[in-house]
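Novice: Chains as they are written, first to last, in my numbering: chain A, -10 to 808; chain B, 59 to 160; chain C, -3 to 500.
Source of the hints: derived by calculation from the structure; they are not laboratory data. For each residue, glycine too, the CB sits at the ideal point set by N, CA and C. Some clues are possibly wrong.
What the hints assert, rightly or not - Computed spacing ranges between beta-carbons, pair by pair:
(1) C/ASP374 with B/TYR144: 33 to 43 Å
(2) C/LYS381 with A/VAL589: 33 to 43 Å
(3) B/ALA138 with C/ARG461: 26 to 36 Å
(4) A/VAL314 with B/TYR144: 55 to 65 Å
(5) C/ASN196 with B/ARG145: 53 to 63 Å
(6) A/TRP14 with C/LYS381: 18 to 28 Å
(7) C/VAL31 with B/ALA71: 48 to 58 Å
(8) B/ALA71 with C/SER204: 12 to 22 Å
(9) C/ALA332 with A/GLN293: 20 to 30 Å
To be verified - The calculated BS3-like cross-link candidates involving lysine-lysine, where the alpha carbons are at most 30 Å apart (straight line), are:
(10) C/LYS381 with A/LYS158
(11) C/LYS381 with A/LYS160
(12) C/LYS381 with C/LYS449
Here's the letter readout for the chains.
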Amino acid sequence: MENLPQLVPLVVFIPLVGMIINLLWGARLGEQWAGWIGSGAAILSFLVSFLLLTYLTGSNYQSVVVNPPFLDGWLSIGSINLEIPWQQRVDTLSVTMMLVVTGVGSLIHIYAIGYMHGDERFPRFFAFLNMFLVFMLILVTGNNFLMMFVGWEGVGLCSYLLIGFWFDKAKGVGWKNSLAARKAMILNRIGDFGMLMGIFLIFWTFGTLDYYKPGEIANVEYQEHLVAQLTGEHGEAAAPAEGEHGATTTEGEAAAPAAEGEHTEAPVAEGEHGEAAAPAAEGEHAVGPAIPEYVNNDHIATDQLGVFGKAQRMLEDGAEVNFGVVSLPIETVLVLITLFLLLGATGKSAQIPLFVWLPDAMAGPTPVSALIHAATMVTAGVYMMVRSNVLYHNAETTSLVVALIGATTALAAGYIAIGQWDIKRVLAYSTISQLGFMVAAVGIGAYGAAMFHLVTHAFFKALLFLGSGSVIHGVEHGHHDVSHGHDHHHDHDFDPQDMRNMGGLRNKMPITFLTYLVGTLALAGIWPFAGFWSKDEILADAWLSNTAGGYVVLAMLVIAAAFTAFYMWRQIEMVFFGKPRTEAAEHAHESTPAMLWPLVILAFFALLAGFYNVPANAGPFTIFGFFEWLFGGAHSFTVFLEPSVAYAHAGEFQGGIAAVALILALGAILLARRVYGDNKSVTADNTDPLYVNPATRQIWSLANARLYWDETYNRLLEQPFNAIGNFLAHTLDWTFWHDYVHEKVVGRGFNALGDLLSSPVDLGIIDGIVNGLGRLVSWLAGGLRRIQTGYVRTYAITLLLGVVLVIIILLLPMLQSGS
Amino acid sequence: MIPLWMYLLVAAALFCMGAYAVLARRNAVAILMGVELMLNAVNINLVGFWRYQQPLNMAGQAFAAFVFVIAAAEAAVGLAIIISVYRQRKSVIPDEADTLKG
Amino acid sequence: MFQVPTIADLNLGLTLPALSLALGACVLLLLDLFVPRERKEITAWLAMAGIAVSFVLNLAGFNESGTAFLGTFAADQFTGFLNIVILITAFLGVLLSLDYLKRAKIERGEYYVLLLLSAAGMMFMSSANDLIVVFIALELLSIPLYIMATFRAPDLKSEESGMKYFILGAFAGAFFVYGAALVYGATGTTNLPEIFAAVNGIIAAGGSQMFLLLMGTGLILVGLGFKVAVVPFHMWTPDVYEGAPTPVTAFMSVGAKAGGFAGLLRIMVVALPVFVLKDGQTAAAWQQTFWLVAAATLILGNIVAIAQTNVKRMLAYSSIAHAGYIMMAVAAAGTAGVANEATRAALLYLMAYMFTNLGAFGIALAIEKDDGSDTGVDNFIGLAKSKPALAAMMTVFMLSLTGIPLTGGFVGKWFVFKSALDAGLVPLAIIGVLTSVISAFYYVRIIVNMYLKDGEGDPAAGATRYVNWAIYVAFAGTLLMGIFPWIATNLSDTVVLAVEMFVR
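Make the full structure from the sequences, and use the hints.
Specialist: Structure below.
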């Protein structure tokens, strides 16, 4: 059992193999094989993650740091004290992320087999998807910030490749797709700048990039509690554990070949697997779950601690960090670090001010939108901040900024979503909005709630995206059938993603409809779907934070939640209810089973995932404790996270807030039903009922125009930037320097003088070189003439000017010092 | 004895004249001569330093000898290049060769 | 008074790698006479054999250290590491040239001799322990390059580039000797360790000697800065790179830089690391200048590169920019205690840059036409369709030049930035990060052209067997350094010890 964590390299390795197979032989393997190799890799990876989960539950959630074989000393230079090992971390946080990434990933892989059917670059698509898994898993399993950065860049690359996957579509669509890819790349680069600066600062401050070194304890409180519990129960636990350990040993034996360079955090029994005598020989260690030797990190020297441990120690000591020019107290440095990291998070997790790439990213194939741009990659920023909770918790200024950014994003994106026509664009803004919830949760210190919402959101948002893909697929096929049947093509501007072209799909695509409904209710936060629990926990924690900032955030989030319910029901009405508005919608039909099964499975989880963290004492909301009893205790997810997230804590349930949020959501749905229901979701002139109504026209138009956000960026940043670029390139360099200076000023002004000087005067001046004034004049004239006549000598004079500059700069300090 | 600084001053003046020639003359051969002048200015420096500071260590002399040798090699290659250019363009004015720019 | 040294005193064993290459070049010059005109590839293979022999000798003696030629020639791991870079460059240079010379109808045996001589000059530079040797090596590496740049005569561009390179090179060379003479005047010696010993006395004395030493340092920076193309001594670079035959450009873009930086590091780290204006300062007197030069180079190189439409010109500005990154490490070496780390950073960066840049030039060469045309950025349009493998490798090279993780370029940048930060040059590091973000603009443009723009796609007729080999080697090197950086870092780990030994 204790060898199970050694399997963690496989989580990354299996998709890597899948990717390589698909890249090299994908074209020869054909669609079926390519698809199932890709999906198989994802599923195997998920199974390994699941094994890791069983390890964690069987060992009191003790974190383990694993050195994969062959990668020892990834970056390790003794002489300059640089040590960044390639280590993977198995703890409750990373395993949670692994399960989400590989679990949702597997379903989306399977779905993509159906969705991408017939695409000419089918194998490459799966190669890219597997590559994404590789990098995402490096990101979540790495034990240091550099590995996180490798993954961070890698998933960015995959995102770029997959957004632009259909770069060659006809009629300019391909160009639009690649522009979207570029936009994502560039905006993420801005975030990466912050990320890099943050990482550099961390290295400067702490001298290491490891989160925790092997043997360190992440959550001291939890450890104390655990040890107390174990030593108390020791006697009783002994007998049954004996048998359990026998089974464990065989498992350990199987895993042994993979084991290399083991670094278990708890001193678990080592070696001698397979020997019959092992349990007896190991003595008391062999009995039951091992008791951790230490309850805190006090025995570790400061320079042996990882980033977070060291940060805590430095805070206790009130240390200062020396930056050469200036020394700053550690609290200030933490604020700087976390602000830089936050910039990274706003890029990757699409928050204000860098969120504008995500809606455009919907140009990618729908499985990509579901996997990368909804469920996993975009949550990397949240994961990063939760991982760095020690830093954020101790940087109050940043936390407030984080909370406000998150809440503002949640509100703004939720509002914009109301005015969109594209089915995927609505979901994209919804994703931004929900990411805002998670970021806000981090800001108010509710790290557990943020992760909880991340997990539930992964399920229902993936479900919604896949559902929308199914709808698009159906409409597209319907359109295809129609245009073929009638033998006249109105191909030109039919948009299968425009909700105005849908309607009445409820009967054509019943399974898609039902699962979509589940996803919608979960997203809207309707009891008892998953979204209700996770959203409510964030709201409750905002209330409990008991600060002015917390209340502001709470208010914004509650309104955002109401928006969520409204735009989702608007979508349901437009897509599934009413009458079909186009022939394509008329002829739409249900998708293939490969696409439907993932929907069903995801719907199942969208319904159930929330119960794993039901709050305690929630009265009627948990049917007076029934759910707690059914799903093994209250707050089990937060408790699960606690060993690895030092500041995860479960807030008390706030019945009032939950009720208000629920009523608001239900009210919003009813309102949406009133506005859009009864087959009037799109008006006769193909626009929104809110637009027709003069009272709401302005509000809707503003949402439809996306608050003019992109335009503002265009006006404020892009245009001036281009203008400066043009100015530098054309006006300054060509017009001014080449044309004007070279030809006009120098050319015309000095041509005559140059000719005069070149033969008679030049000789005369050389002869009269003793004449100081003459020398000066000749030097000046010569200098100017040199610029004129051109090129080699222009270079030479530049060189000479460089010489003079260098000498001046070198000598100045000496002259100043007066020696 | 003439003080060292006088030698250094002559050398500096020669060096500047050489640099001036490189910058002012249009003819490639004259530019080459300017470079030679600069190198010979350095030789005065080297020999001067040697004589006044370290007469027992031959480094300065040796350096000067190497500078001669290399100046000769450089001139040979330079003239060959200039001749090659002259054959094509019928001109030894470097500034007239300006197809490469920007 | 003066004792004539014996052969044994010369310690020839240590000089074998460089000496064998120089002698090999001379022998090759004679052998070439017997090679028939139409079979000049034999000369090329002989040249490669010579490089290989030198490489083996270099590896065999990698860990030996000591001085030869009466203290003017040092051999240590610094030398060994740089020699590896130089010899690989020369080897790939020959491989790239083989078919290119045939296509351009300029196949003459002297070419390979010149290339070997230039490489020998670079190797002398990497082991120079005396200002005289630095000067000789500088000229030995430059003069063959002048000729090679002109090798495409009677092509006008090639001749023009050779002439410009020569005139400006000779001009800058004169500044270098003047600087060396002033340093000699200030310290009374040309031997680098002896200069180091004399510096403390000058700091105490101050006055005119200090003045001479400062001037000398500045002029040495000019001479070597010209060779490595840092602003404001960079003006020749784009013209020469564009006009010279592409394999020559490839060779000199890496070789001349390696040689120039070898000289700069030798002089600054061995002779002048503790040269401060006043006792007790930690930053060397020259650090600020180097810092400014590095910053100017980074900014100008990266910004002007954006405007280029010719790939060779674009790579020329990019090479200026990369000189800036290496210059950053040299500047960092001016802070007390950081010299070792900065030196290794510069060496690692050079190695990564070597693989990447040679590969990029190799691909530019592959799409070039026989008459030297079609080297525009637009000629890459559609390359992903016509030559997917080349396009993929070009992508890696471009990403590596940008400094994306998992490529050699990232490893180099990482170490360089780190050494700059350790040296307290925080603003310089920030400029470095910002400019490398800017650099993504023009590198990614090539990738966009290859993958995203519609076009026929160049048939890449120049991608013949040997050229492909060279590109593969460069590609493998780039990736290996990126994915397994410890291979290079471990190799350079020993370098640090060697430099430490010198600095004392």
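Novice: Next step is simple, just say for each hint if it's right about the structure.
Specialist: The hints, checked one at a time:
no. : hint                               : in the structure
1   : C/ASP374 with B/TYR144: 33 to 43 Å : 35 Å, holds
2   : C/LYS381 with A/VAL589: 33 to 43 Å : 41 Å, holds
3   : B/ALA138 with C/ARG461: 26 to 36 Å : 34 Å, holds
4   : A/VAL314 with B/TYR144: 55 to 65 Å : 57 Å, holds
5   : C/ASN196 with B/ARG145: 53 to 63 Å : 56 Å, holds
6   : A/TRP14 with C/LYS381: 18 to 28 Å  : 20 Å, holds
7   : C/VAL31 with B/ALA71: 48 to 58 Å   : 51 Å, holds
8   : B/ALA71 with C/SER204: 12 to 22 Å  : 18 Å, holds
9   : C/ALA332 with A/GLN293: 20 to 30 Å : 27 Å, holds
10  : C/LYS381 with A/LYS158             : 15 Å, holds
11  : C/LYS381 with A/LYS160             : 20 Å, holds
12  : C/LYS381 with C/LYS449             : 10 Å, holds
No hint from the list above goes unmet by this structure.
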